[in-house]
Amino acid sequence: MSVMRLHDYLEFYARERPNVDFVVMGDRSLTYAEADARANKLANAFAAAGLQKGDRFTYVSKNSLEYPIVYFGASKAGVVPVPLNYRLAPPEWAYIVNDSQSKMLLSSAEYQEGIDAIRGELETVGKYISIEGGGESRWDDFNVWVDGQPDSRPAREVDHGDDLYQMYTSGTTGRPKGTVLAHEAVTANMTQATQIINIEQGDRDLIIAPLYHAAAALTAFAVVGMGGTLVIHEDFIPPDVVRALSQGNIAYTTMVPAMIQACLVYVPDVAERNYDTLKGITYGASPIAEQTLRRAMEVFKCDFTQVYGMTELTACVTSMSPSDHSRALESKSELLLSAGRPVVGAEIRIVDEDDNDLPNGTIGEIIVNGPQVMKGYWNLQDESDEALRGGWMHTGDAGVVDDEGYLYVQDRVKDMIVSGGENVYPRVVEDVLFTHPAVADSAVIGVPDAQWGEAVKALVVLREGASATDEEIMEFCLGKLGGFERPRSVDFVTELPRNATGKVLKRVLREPYWEGHGRRVAGV
Numbered sequence: 001m002s003v004m005r006l007h008d009y010l011e012f013y014a015r016e017r018p019n020v021d022f023v024v025m026g027d028r029s030l031t032y033a034e035a036d037a038r039a040n041k042l043a044n045a046f047a048a049a050g051l052q053k054g055d056r057f058t059y060v061s062k063n064s065l066e067y068p069i070v071y072f073g074a075s076k077a078g079v080v081p082v083p084l085n086y087r088l089a090p091p092e093w094a095y096i097v098n099d100s101q102s103k104m105l106l107s108s109a110e111y112q113e114g115i116d117a118i119r120g121e122l123e124t125v126g127k128y129i130s131i132e133g134g135g136e137s138r139w140d141d142f143n144v145w146v147d148g149q150p151d152s153r154p155a156r157e158v159d160h161g162d163d164l165y166q167m168y169t170s171g172t173t174g175r176p177k178g179t180v181l182a183h184e185a186v187t188a189n190m191t192q193a194t195q196i197i198n199i200e201q202g203d204r205d206l207i208i209a210p211l212y213h214a215a216a217a218l219t220a221f222a223v224v225g226m227g228g229t230l231v232i233h234e235d236f237i238p239p240d241v242v243r244a245l246s247q248g249n250i251a252y253t254t255m256v257p258a259m260i261q262a263c264l265v266y267v268p269d270v271a272e273r274n275y276d277t278l279k280g281i282t283y284g285a286s287p288i289a290e291q292t293l294r295r296a297m298e299v300f301k302c303d304f305t306q307v308y309g310m311t312e313l314t315a316c317v318t319s320m321s322p323s324d325h326s327r328a329l330e331s332k333s334e335l336l337l338s339a340g341r342p343v344v345g346a347e348i349r350i351v352d353e354d355d356n357d358l359p360n361g362t363i364g365e366i367i368v369n370g371p372q373v374m375k376g377y378w379n380l381q382d383e384s385d386e387a388l389r390g391g392w393m394h395t396g397d398a399g400v401v402d403d404e405g406y407l408y409v410q411d412r413v414k415d416m417i418v419s420g421g422e423n424v425y426p427r428v429v430e431d432v433l434f435t436h437p438a439v440a441d442s443a444v445i446g447v448p449d450a451q452w453g454e455a456v457k458a459l460v461v462l463r464e465g466a467s468a469t470d471e472e473i474m475e476f477c478l479g480k481l482g483g484f485e486r487p488r489s490v491d492f493v494t495e496l497p498r499n500a501t502g503k504v505l506k507r508v509l510r511e512p513y514w515e516g517h518g519r520r521v522a523g524v
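Numbered by my numbering, the letters in the sequence shown go through residues 1 to 524 in order.
Think of the hints as simulated: they come from the structure by calculation, not from any bench.
Yeah, the Cβ is synthetic: ideal placement off N, Cα and C, and Gly gets one too.
Some hints here could point you the wrong way.
Now the in silico label distances, taken between C-beta atoms and shown as ranges [stated by the list, open to error]:
1) ASP470 x VAL265: 23 to 29 Å
2) SER331 x GLU471: 33 to 39 Å
3) GLU464 x ASP151: 52 to 58 Å
4) VAL265 x PHE492: 16 to 22 Å
Calculated pairs, DSS-like style, for lysine-lysine (alpha carbon to alpha carbon, straight line, at most 30 Å) [as the list claims (entries may be wrong)]:
5) LYS53 x LYS375
6) LYS480 x LYS503
7) LYS414 x LYS375
8) LYS53 x LYS127
9) LYS279 x LYS480
10) LYS103 x LYS127
11) LYS301 x LYS503
12) LYS414 x LYS503
Please put together the full structure from these sequences, using the hints given.
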């Protein structure tokens with residue numbers, strides 16, 4: 001596996017393909033040579049501001065032309081970016097900034113008011129930089145700060161084992177934890193990703209997901225690692241995405257299934273467009289409904305690849321290939337519920353509570369070994385030791401492996417429902433619900449029950465124009481699920497709350513049902 005530093009790739013292509021576009025956003029663009037010079041200037045600006053190797057800084061912005069430059073400039077300087085989820089509230093930002101001991105904070109204009117509201121709480125930040133420039137005097141102008149610096153790389157020794165970035169987990173089960181990834185983990189996962197997604201030099205990849213997220217960042221790095229071009233959108237807007245895929249000479253993009261579905265549903269002429277340059281769509285965060293996949297393949301006429309991973313594993317650890325998708329549609333539809341098989345160099349095991357291996361077909365915790373595993377959680381040695389015990393990353397996800405080695409992710413271990421002493425994995429129930437022709441989306445949670453402790457409840461979003469009753473949904477599950485797994489109640493909702501990567505926020509769904517109850521469901 002690769003033991004290079006992230007910035008090695010940018011410097012290589014700046015030398016070998018200097019005039020090829022590195023990044024395009026709207027009417028702005030930078031070639032590889034321009035991007036490398038800009039990253040050098042930024043690296044020197046970090047050094048001139050007094051940031052030492054290993055120092056943290058925080059960055060909050062929507063996707064922008066500058067975002068990848070920040071990652072590569074930090075890599076050259078040996079400083080560690082802490083990208084903030086801009087959807088969080090300012091008090092949540094304050095926790096992450098303080099926990100990471102960030103020395104500097106960079107922000108786009110729209111988030112500066114929120115940052116200013118918590119300035120008094122930020123314990124270690126000594127410098128505030130405005131990406132767009134201008135604004136009030138308490139913010140330094142990014143361009144002024146950077147432009148006066150030399151465009152040669154600073155004389156700092158950066159090793160492949162050094163920290164590259166620190167991303168915070170979603171914190172759905174408590175305070176978010178800072179996940180520390182080294183250069184060697186990220187560059188290894190870049191190599192693993194390019195083995196499953198055939199990016200070539202010159203390919204243009206559409207970046208839609210927010211670059212503060214591990215999957216979007218890794219995708220961008222992998223594209224750069226092959227000398228491709230990043231085409232960045234600030235937000236996910238379905239008509240803009242479809243227009244780019246049909247008119248922007250795009251070869252690849254990555255979406256969550258909900259995004260694919262939105263493009264198919266909310267863009268009236270999606271099926272009338274031509275997608276001749278589109279080679280593949282990668283998706284993750286959840287499996288894709290067979291009906292949606294068949295429609296997407298019919299419309300976009302490209303390969304589909306699913307990946308499974310998490311921040312602690314850089315981004316991806318298993319993949320389901322285009323040939324797997326074809327096989328699923330031709331003869332083995334249950335494969336669509338799979339997350340595929342391990343990427344090159346990665347290993348997975350399914351274990352019980354004592355880390356004993358379980359036989360194929362038995363549900364247990366998914367644990368992972370490979371070069372893409374995190375160094376640990378920032379300043380949380382006990383949690384790091386627990387997660388990485390025995391040299392394997394304990395994902396907290398429940399899953400099962402079949403006899404062909406395909407992984408089926410059942411749920412978060414902590415989302416498991418215990419009803420009358422029986423373990424119910426919501427994902428198993430949701431997979432059945434998704435086969436109902438009227439169901440567009442669903443989530444299954446445990447709710448208080450006087451007799452069983454917890455009862456299974458389904459929250460269902462119906463397809464546009466479709467109708468169904470709660471009795472019909474529950475009857476549909478007869479014969480498809482064990483008696484203890486079947487929903488005891490069904491609530492119909494217009495949409496499910498999701499985070500930026502498309503994952504359903506089960507904690508948000510559970511909260512109203514458990515209000516006032518002393519015992520909380522696992523994971524809350």
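Against the structure, the hints:
no. : hint                        : result
1   : ASP470 x VAL265: 23 to 29 Å : holds (24 Å)
2   : SER331 x GLU471: 33 to 39 Å : holds (34 Å)
3   : GLU464 x ASP151: 52 to 58 Å : holds (53 Å)
4   : VAL265 x PHE492: 16 to 22 Å : holds (18 Å)
5   : LYS53 x LYS375              : holds (17 Å)
6   : LYS480 x LYS503             : holds (25 Å)
7   : LYS414 x LYS375             : holds (23 Å)
8   : LYS53 x LYS127              : holds (17 Å)
9   : LYS279 x LYS480             : violated (37 Å)
10  : LYS103 x LYS127             : holds (7 Å)
11  : LYS301 x LYS503             : holds (26 Å)
12  : LYS414 x LYS503             : holds (15 Å)
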